[in-house]
Amino acid sequence: RKEVEQDPGPFNVPEGATVAFNCTYSNSASQSFFWYRQDCRKEPKLLMSVYSSGNEDGRFTAQLNRASQYISLLIRDSKLSDSATYLCVVKGYGGATNKLIFGTGTLLAVQP
Amino acid sequence: NAGVMQNPRHLVRRRGQEARLRCSPMKGHSHVYWYRQLPEEGLKFMVYLQKENIIDESGMPKERFSAEFPKEGPSILRIQQVVRGDSAAYFCASSSWVGAEAEGEKLFFGSGTQLSVL
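Chains as they are written, first to last, in my numbering: chain A, 13 to 124; chain B, 2 to 119.
Excised from the complex, chain A in its bound form (with noise of 0.2 Å):
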């Protein structure tokens, strides 16, 4: 099992629609999430960290379930802007090791 899991899409959705993006985790001992965007062929780029109790920046929202290991991000009225990879982003666990460790990715394609 991957230690993160993300469905790679691609999410094809028209302007102003709310979309959805959800990741799962393998080690429990995880501490820190964060979602990270990528542009084509550019770096990754911090989008906003996730804690427990859930976090907002503008029209994006991220959640975090720790039971269930699992992390989400929702953006609301989508910009063609938005159009890139979301990453979803766990902190490596033991040791003196701040490594981060991402998923694959998932495509945001969106349409005008």
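Below, computed lysine-lysine pairings styled on DSS-like, alpha-carbon distance capped at 27 Å:
| no. | chain 1 | residue 1 | chain 2 | residue 2 |
| --- | --- | --- | --- | --- |
| 1 | A | K57 | B | K45 |
| 2 | B | K52 | B | K63 |
| 3 | B | K45 | A | K14 |
| 4 | A | K14 | B | K63 |
| 5 | B | K52 | B | K107 |
| 6 | A | K103 | B | K28 |
| 7 | B | K107 | A | K57 |
| 8 | B | K107 | B | K28 |
| 9 | A | K54 | A | K91 |
| 10 | B | K45 | B | K28 |
| 11 | B | K107 | B | K72 |
| 12 | A | K14 | A | K103 |
| 13 | A | K54 | A | K103 |
| 14 | B | K28 | B | K72 |
| 15 | A | K103 | B | K107 |
| 16 | B | K52 | B | K28 |
| 17 | B | K107 | A | K91 |
| 18 | B | K52 | B | K72 |
| 19 | B | K72 | B | K45 |
| 20 | A | K57 | A | K103 |
| 21 | B | K63 | B | K45 |
| 22 | B | K45 | A | K54 |
| 23 | A | K54 | B | K107 |
| 24 | B | K28 | A | K57 |
| 25 | A | K103 | B | K52 |
| 26 | B | K45 | B | K107 |
| 27 | B | K52 | A | K57 |
| 28 | B | K28 | A | K54 |
| 29 | B | K107 | A | K14 |
| 30 | B | K45 | A | K103 |
| 31 | A | K14 | A | K57 |
| 32 | A | K14 | A | K54 |
| 33 | A | K103 | B | K63 |
| 34 | A | K91 | A | K57 |
Pairwise CB distance ranges (calculated):
| no. | chain 1 | residue 1 | chain 2 | residue 2 | range |
| --- | --- | --- | --- | --- | --- |
| 35 | B | V84 | A | Q43 | 34 to 40 Å |
| 36 | A | D51 | B | R21 | 22 to 28 Å |
| 37 | A | Y82 | B | K45 | 19 to 25 Å |
| 38 | B | N8 | A | R88 | 37 to 43 Å |
| 39 | B | P62 | A | N39 | 19 to 25 Å |
| 40 | B | K52 | A | P20 | 33 to 39 Å |
Think of the hints as simulated: they come from the structure by calculation, not from any bench.
All residues carry an ideal CB built from backbone N, CA and C; glycine is no exception.
Go by the hints and put chain B onto chain A.
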């Protein structure tokens, strides 16, 4: 406030040559990570370094790959005797420190080096 700087952006090598990829972390950051992204795949962790120390190299291939982060100068990822399967985007990231604070957990990525092996 310069971000993470990687060079070169594109590197072309013939099979059997050596590739050297450089990464300068953000100002104030002492932790460097290297990731590799194969075409149509996710980012795979390779190595985590602090100044003059390798902290975690669990993602590094056993042969031909090495990394360093000297006291002075950039971090170097070195690939000896490259093969076509080494063709990928190599991303470097940096962070401020390891700890419970949220800022220390965030990684900032460079623009990557695209390695092409002919």
